[in-house]
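Enquirer: Place chain B with the ligands on chain A using the hints.
Chains as they are written, first to last, in the numbering used here: chain A, 1 to 460; chain B, 1 to 460.
There's no promise every hint is true.
Identical chains share a label here; the pair holds if one copy fits it or two copies do between them.
Said to hold, decoys possible - Below 30 Å or equal to it, Euclidean Cα-Cα: the simulated DSSO-like pairs (lysine-lysine) are:
| id | residue 1 | residue 2 |
| --- | --- | --- |
| 1 | Lys85 | Lys151 |
| 2 | Lys232 | Lys85 |
| 3 | Lys151 | Lys358 |
| 4 | Lys70 | Lys233 |
| 5 | Lys30 | Lys238 |
| 6 | Lys232 | Lys70 |
| 7 | Lys233 | Lys309 |
| 8 | Lys429 | Lys103 |
| 9 | Lys240 | Lys103 |
| 10 | Lys85 | Lys309 |
| 11 | Lys430 | Lys151 |
| 12 | Lys430 | Lys103 |
| 13 | Lys455 | Lys240 |
| 14 | Lys430 | Lys70 |
| 15 | Lys151 | Lys178 |
| 16 | Lys232 | Lys429 |
| 17 | Lys30 | Lys70 |
| 18 | Lys430 | Lys30 |
Honestly, the hints are just simulated from the structure, not real lab data.
Protein chains: 2
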Amino acid sequence: MTKRTLLALAALALPFPLLAQHDPAAIQQKALGDDTAYGIVEDLTTEIGPRLAGTEREAAARAWAVERLKAMGFSNVRIEPFDMKTWVRGIETAEITGPFTGKMHISALGNSASTGDTGLEAEVVYFRTLADLQAAPAGSLRGKIAFVSHKMTRTQNGASYGQFGGVRRAGPSLAAQKGAAAIVIRSVGTDYHRNPHTGGTNFPEGVTPIPAAAISIPDAENLERMIARAAKKGEAVKMKLVLTPRQIGTTQSGNVIAEVPGSDPNAGMILVGGHLDSWDLGTGAIDDGAGVAISAAAAKLIMDAGTPKRTIRVVWFGAEEVGLFGGIAYAKKHGAAGHALAMESDFGADRIWQVDFKLPDGTDDLKTRIANALAPLGIGRSNQPAGGGPDVGPTVALGVNAIDLQQDGTDYFDLHHTPDDTLDKIDPKKLQQNVAAWATVLSIVANDPADLLPKGKAGD
Amino acid sequence: MTKRTLLALAALALPFPLLAQHDPAAIQQKALGDDTAYGIVEDLTTEIGPRLAGTEREAAARAWAVERLKAMGFSNVRIEPFDMKTWVRGIETAEITGPFTGKMHISALGNSASTGDTGLEAEVVYFRTLADLQAAPAGSLRGKIAFVSHKMTRTQNGASYGQFGGVRRAGPSLAAQKGAAAIVIRSVGTDYHRNPHTGGTNFPEGVTPIPAAAISIPDAENLERMIARAAKKGEAVKMKLVLTPRQIGTTQSGNVIAEVPGSDPNAGMILVGGHLDSWDLGTGAIDDGAGVAISAAAAKLIMDAGTPKRTIRVVWFGAEEVGLFGGIAYAKKHGAAGHALAMESDFGADRIWQVDFKLPDGTDDLKTRIANALAPLGIGRSNQPAGGGPDVGPTVALGVNAIDLQQDGTDYFDLHHTPDDTLDKIDPKKLQQNVAAWATVLSIVANDPADLLPKGKAGD
Ligand SMILES: [Zn+2]
Ligand SMILES: [Zn+2]
Ligand SMILES: [Zn+2]
Ligand SMILES: [Zn+2]
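Only chain A is shown next, with the shape it has when bound in the complex:
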């Protein structure tokens, strides 16, 4: 009896077909027909919905997550809590009061101050770009509402978010420093729907926060037209803003952790995940229900194929949106030690098109094997180093390896941080392609003999 026949017979004796253990091609094939990830996003968006960091809804999501990850068969399922300062949304309306009329679709940015219940009415001062706001003389905005526009472009890799996101990140504190009563920005997004794109902003120590909000892109373009027409008549457009968000003090958030224990504790673990919190306008399907679903579904495929050499640790991070609090808390608690690799999914649910590596010297063969295994999924290899993503970023910064499976972001900013981030935006087939890519990489790296443990840097 040959060894092959023996294996075939052994397979027949099992209650369900045994995959060749950690055969990347077989795992990839199985992933392409697996609906575990879609089920996670569907349940999370339906049963929990929006889950703003630090709120009761995020806590409900954690409780749901613990139950779900246990039911999936993971080990050591637990919550690692941390404290955070929490901001919550209130009423939000904006209305043009002269010389034209009209309601604008608006949402406050995270950390926005309140206008008070009675709101504020003021002249709108237009800035075409953040640079134009920067150039405004100090005090020139006193008592006025700054309106900063821009025209964000689509990019497959999301690079434009870095370029245009500054309007949201830096615009409010800049306007506050110049004395503005409030700031309204054109949403940082690429769609043409009446959906404002929220997102965090920050007021540095010493700068008193002002009301800060985003209007939808159709509203922003209408406001630009109104301002141009009013200016021709020597008039200014006036806006009435009511925004009543508030800081509610310190509350608890946390990271939810689950593991597939490996057979070799000395080989180091693979950290994978996404973030469990979401902005409060949509149901957090693509940001980042998809990410938590992809990472867990891929880890489960490995678990179901048999014990890997390396432990796979799934982390569903808390409080990403409002300041990467979960990722920072994780890195602070765990450090780099024992982490062979970190991977994260936080860029939607569109198809993966590229793989980037940050792996030690001497792993060229490993990289080639991964790239070759991904090629059937339409994924190409890049020459840029992997960064790891926002949540695992603080861990990667400590010297941990990373592999990035880059999702196509062309349409991501149509939905990002809007009410439109809902389940219907996820294509189940594309989600499966994501899980297949992740499971492929995990099946290879989890069993690879290479030494991937982080090395203390010289001088450490």
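Expert: Coordinates of chain B with the ligands only, in the frame set by chain A:
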């Protein structure tokens, strides 16, 4: 000197190039480079914005329209006022209160009753279709919120609006008759954005109106999932509704009329138009800023080419959305007499793909000339009779001829009656194709020798 040379010399003597008078091909060509229509929609949506029938905003639109039509050079610009019963929107919120959570994007339907400021909270009873609601036993909905879903499909000619629109038109009165406390419908639309589609509904004499509203399609699908999950546990989903629209009594609306006087009063006039009122959620760009713009821009092209034989009467109808009040008032006041043809644009701003005729016997040659002249624009001839559209419908019903230039409606119900009906949805090139088609038809019919006057029917 030949007659031809004489004409050529005469042309040179004019201050601007004279089109061969009413040469359909030349007018069509000019229309394809003309931005008059886009300018009308841009100004109307920016300077006036939403203009709900019977309100001060619709009155502002009429005042704006008179000024604009005069500035364009039309004659006999005037308002024909009429009275109407007017409904206005109030606050509108919907929240799931058990066993799940979440806010729904909701808008009241025209003629909806109010829940009162404190709202109403009740169990949601799901009906997959209007027929299912119809089958519900009398009294079975007492104290509950009926939720009627459906899945509207896309059709190029808009036929699906007839099939699925009944959920909005008939659902509320049906639910009221069965004792429901309120009704929520899945928006009659084909998009997947968090935009509710409003629109009119009606409660017949003797049926007490109930609160009636539409939720966005992503919300409707989420609600369906919640209901299915709750049902598995033997629970019902509860919803808290706050809707405070109200009837404000009798106010004034009106039709705005402008003319290109023809040289032959006995040849009958051509009635063209769209409706000036809009729903209040968007700025009424595609419904029906585009229609008023297309009809007026086409009439202006004829006017600029020289006096036509037939008068062209442009009517920007009032109060279409809430009950065709403007079209009915027009037909009542003017009757059929003296109308050679009626045409209307009220199906968005996408390209025209088909022409339908309702013309008297003996006009085959005229129809063929029109169809041939439209062919270069990608417009095909149909064998179905023209209907004329909602506003000119009451006039056409009196025996007036009609030509329909059918717009592609595949995407129309993505935007119809939503906040997303804004200027950015209009493609200037497609709008020009519309104007070109309209101007082509007008240039032919306005000068045709055929007898197109309505004949008294036997027995009239
Ligand atoms: Zn994210
Ligand atoms: Zn985000
Ligand atoms: Zn209409
Ligand atoms: Zn309409």
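Enquirer: Taking the hints in turn, state whether each one holds.
Expert: Going through the hints against the structure:
In the homo-oligomer, the alpha carbons of Lys85 and Lys151 never lie at most 30 Å apart, since the shortest distance is 32 Å inside one protomer and 43 Å across protomers. Proximity of Lys232 and Lys85 under a CA criterion of 30 Å is satisfied in neither setting, with 46 Å inside one chain copy and 38 Å between copies. Taking the closest pair of Cα atoms, Lys151 and Lys358 never come within 30 Å of each other, the shortest separation being 33 Å inside a single copy and 47 Å across copies. For a Cα distance limit of 30 Å, the shortest separation of Lys70 from Lys233 across copies, 21 Å, qualifies, whereas the shortest one inside one copy, 66 Å, does not.
Taking the shortest Cα distances, Lys30 and Lys238 never come within 30 Å of each other, neither inside one copy (59 Å) nor across copies (40 Å). In this assembly of identical chains, the alpha carbons of Lys232 and Lys70 lie at most 30 Å apart only when taken from different copies (22 Å versus 65 Å within one copy). In this assembly of identical chains, Lys233 and Lys309 lie within 30 Å of each other by CA distance neither inside one copy nor across copies; the values are 73 Å within and 41 Å between. Taking CA atoms no more than 30 Å apart as the test, Lys429 paired with Lys103 passes between copies only; the shortest distance there is 28 Å, against 39 Å inside one copy.
Taking the shortest Cα distances, Lys240 and Lys103 sit within 30 Å of each other both inside one copy (10 Å) and across copies (25 Å). In this assembly of identical chains, the alpha carbons of Lys85 and Lys309 never lie at most 30 Å apart, being 40 Å within a copy and 76 Å across copies at closest. Taking the shortest Cα distances, Lys430 and Lys151 sit within 30 Å of each other both inside one copy (28 Å) and across copies (24 Å). Taking CA atoms no more than 30 Å apart as the test, Lys430 paired with Lys103 passes between copies only; the shortest distance there is 28 Å, against 37 Å inside one copy.
Taking identical chains as interchangeable, the C-alpha atoms of Lys455 and Lys240 are never at most 30 Å apart, the minima being 57 Å within one chain and 57 Å between chains. For a Cα distance limit of 30 Å, the shortest separation of Lys430 from Lys70 inside one copy, 26 Å, qualifies, whereas the shortest one across copies, 56 Å, does not. Within a single copy, Lys151 and Lys178 get their C-alpha atoms as close as 23 Å, which meets the 30 Å cut-off; across copies the closest is 51 Å, which misses it. Taking the shortest Cα distances, Lys232 and Lys429 sit within 30 Å of each other only across copies (27 Å), while inside one copy they are farther apart (52 Å).
Taking the closest pair of Cα atoms, Lys30 and Lys70 come within 30 Å of each other only inside a single copy of the chain (22 Å); across copies the shortest separation is 70 Å, beyond that limit. Taking the shortest Cα distances, Lys430 and Lys30 sit within 30 Å of each other inside one copy (14 Å), while across copies they are farther apart (47 Å).
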